[in-house]
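Now for the letters of each chain:
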Amino acid sequence: MKRHKWGQRLWDEVAQAWTVTIKDIKVYYLKPGMIMFGFLMPFFMFFSFSVKREMAVTQGVARLLALTVFFTAAAAGPFIIPIERRLGTYDRLLAAPMSLLTLLLGKAAVGALFAVAVSVVTLLIGGVAFGATIAQPGLLVAGVLLGSFAFSTLGVIFGSIPTRNPGDVQMPSTLLRWGLLFISGVFIPLNEMGTAARALAYISPLTYAQDLMNHAVLGAGALSPALDLIVLLASSVIFLIPSLLMHRRSRQLGY
Amino acid sequence: MTEAIEVENLTKYYGDLLAVDHISFEVHQGEIFGFLGPNGAGKTTTQRMLTTLLEPTEGRILIDGYDLARDAYPVKRQMGLVPEESNVYTELTAWQNMMFTGRLYRVSRAERETRARELLETFGLWEKRDVKVEDFSKGMRRRLSIAMAIIHKPALLFLDEPATGLDAQSTRAIRDLVRRLNAEGTTIFLTTHQIEEANQLCDRVAIINHGQIAAIDRPERLKAAFRQVQSVEVALEPDGQAHGQALGALRGVTTAVKMGDKWRLYTEDPTALLPQIIDYARAHQLQVVSLTTLGPSLEDVFLQITGQKIGTVQHPTGEKKRGRRGGRGRTGGRR
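Line order of the protein sequences matches chains X and U.
Once you know that position 140 of the first sequence is 294 in our numbering, the rest is easy, because the numbers rise by one and skip nothing.
Once you know that position 58 of the second sequence is 90 in our numbering, the rest is easy, because the numbers rise by one and skip nothing.
This is chain X alone, in the form it adopts within the complex (with noise of 0.2 Å):
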């Protein structure tokens, strides 16, 4: 059958977003040195915040998978973009019969995928050599997908600052990654954080990631699980705001 104009149109673009997604991982993931942080990374954060502080291993592992998902969903996105400016293959991309938009999901998308990755194997971990359960496999599942998107979509926001130096997207990326981490409810509980403390939480996806896996993992969580979902799915669509933007830019400043 054939299909309609705009919907041959929408099928090329999803199909055209899978092709960057693809050559990115080929490109980009699939490299030791890449493969080797994703999966040190969040162990070496959940080492370091839980030694000598009594945890039950389920809350362990609900922290250590929200914080999976924020690290190793942006963990290259922020430097992808400036690295194939430099090269000129982002050109390439920039050149090809598919909307910016498409280009911008196909990139968010990758370090999604290497997120859920790196959190089928966390959570392999927890239950094989921990004996962790999940109350709310259903949670879980969205949790983690809408959160690796969303924070994906996060780090092609600094891809996007219209530079060809990665060294330029290092700092406010940096800076911004750490500063969600330590004003969010992940090392401490919503519940026990005063009310300017709770008040500037509320401000970071990761609280709401946080809050999701906690209901998932642990069956209980401070803020309603719907409202978890809708706030990372709400990101996910607004974090691609500035990257458009800054896109935009960069064409009429000739990146």
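Accuracy of the hints is not assured; some may be wrong.
Claimed, not checked - Cut-off 30 Å, straight-line C-alpha distance, at most; resulting in silico cross-link-like pairs (DSSO-like, lysine-lysine):
1) K170(U) with K185(U)
2) K185(U) with K180(X)
3) K294(U) with K255(U)
4) K170(U) with K160(U)
5) K185(X) with K164(U)
6) K180(X) with K160(U)
7) K255(U) with K290(U)
8) K185(X) with K170(U)
9) K170(U) with K180(X)
10) K185(U) with K159(X)
11) K160(U) with K185(U)
12) K160(U) with K185(X)
13) K164(U) with K180(X)
14) K164(U) with K185(U)
Claimed, not checked - Computed far set for chain U versus chain X, every beta-carbon distance over 10 Å:
15) E90
16) T154
17) E228
18) I248
19) Q308
20) T324
Calculated from the structure, these hints are not laboratory results.
We treat Cβ as the ideally placed atom computed from N, Cα and C, and that holds for glycine.
Using the hints provided, position chain U relative to the given structure of chain X.
Only chain U this time, still in chain X's reference frame:
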């Protein structure tokens, strides 16, 4: 018939810097159009605007009748781009690069595999199809870059300095390919600073300088408009190289430029210069190995139009005189 490219009043500012200054031109369907200019003249900026990579400050671009600012999608489907730097993925093999580009342009699997094989064979890369591009030479990467740009059989191909940095064999292969693509109906927009490349390949040439189109015509017509830069090329033996200064001093010679083992003497009147050269050779018991009158080359036209003078010719006394820029080993001159 719709023009392949129509550019009206195209302008680009980078901050306060005017890089392209209200240029207008057309590229006809099926022609090889050369966009020639010195470094920094605005060639690549113009090409990036034509390929949607850069937003113009002012002006309008129509490609195959489509306004690029409003309807870029159908244009992009029909466009191929080979930038100055070979933008191939070095972590992938040649075959993976071809497949990636084919998928990006929504070429069906069967067609992209057939086409990729054809192109890799044409470019002499088939045997290396499973080798990662990081192990390719510069010439091989260039050829792959062109192959990737045409896997979807574009109707309009943009080539930016295609032969820069390549050896003679690769350069010739790429020029042959450009001719073949054009013969098959592809319109080619060739950005280059290599005058001989434009002369050999292009149906028409635009010369851009300081962001403005200085001239636009067929290469031979441009040359015909600059008859004042005719020359006589002479090779003398023995020790012909030592006579540059004296040859440069002959009546009517404006400049003498050493060209390998020959001297090129620029003059407005080659007919009057020929007997003088013969007389000089007789008087100094020299053998005239070759004596050729030359019309203006595209390089001469280019230098005249862009205001780049004939370089600096050193007299033995150290006095400086305007001379042809780009000549090799210039030592002689008119007194």
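To see whether the hints hold, each was checked on the structure:
Under the criterion of a C-alpha separation no larger than 30 Å, the hint pairing K170(U) with K185(U) is consistent with the structure, at around 24 Å. Restraint check for K185(U) and K180(X): the C-alpha separation of about 26 Å stays at or below 30 Å, so the hint holds. For the hint pairing K294(U) with K255(U), the CA-to-CA distance comes to about 22 Å; that is within 30 Å, so the pair holds. Between the alpha carbons of K170(U) and K160(U) the distance comes to roughly 14 Å, so the proposed pair stays at or under 30 Å and holds.
Note on K185(X) and K164(U): the hinted pairing holds, with a Cα-Cα distance of about 14 Å set against a maximum of 30 Å. This hinted pair checks out: K180(X) and K160(U) have alpha carbons roughly 19 Å apart, not beyond 30 Å. Distance check on the hinted pair: K255(U) and K290(U) sit about 22 Å apart at the alpha-carbon level, within 30 Å; holds. For the suggested pair K185(X) and K170(U), the alpha carbons sit about 25 Å apart, so the restraint of at most 30 Å is met.
Pair hint K170(U) plus K180(X) holds up; C-alpha atoms about 23 Å apart against a cutoff of 30 Å. About 22 Å separates the Cα atoms of K185(U) and K159(X), which keeps this hinted pair within 30 Å; it holds. Simply put, K160(U) and K185(U) have alpha-carbon atoms about 22 Å apart, close enough for the 30 Å limit, and the pair holds. Distance check on the hinted pair: K160(U) and K185(X) sit about 22 Å apart at the alpha-carbon level, within 30 Å; holds.
Simply put, K164(U) and K180(X) have alpha-carbon atoms about 12 Å apart, close enough for the 30 Å limit, and the pair holds. A distance of roughly 24 Å separates the Cα atoms of K164(U) and K185(U); the hinted pair therefore holds under the 30 Å criterion. Listed as a non-interface residue, E90(U) keeps its Cβ farther than 10 Å from every Cβ of chain X; the least gap is roughly 13 Å. Consistency note on T154(U): stated as away from chain X, and its beta-carbon is indeed over 10 Å from all of that chain's, at 20 Å minimum.
Distance check on E228(U): its Cβ is at least 26 Å (rounded) from any Cβ of chain X, clearing the 10 Å threshold; non-interface status holds. Residue-level check passed: I248(U) sits 25 Å from the nearest beta carbon of chain X, beyond 10 Å. Here Q308(U) stays apart from chain X, with its beta-carbon at least about 53 Å from theirs, past the 10 Å limit. Under the 10 Å C-beta cut-off, the non-interface status given to T324(U) relative to chain X holds; the minimum distance is some 43 Å.
When held up to the earlier numbered hints, the structure conflicts with none and fits them all.
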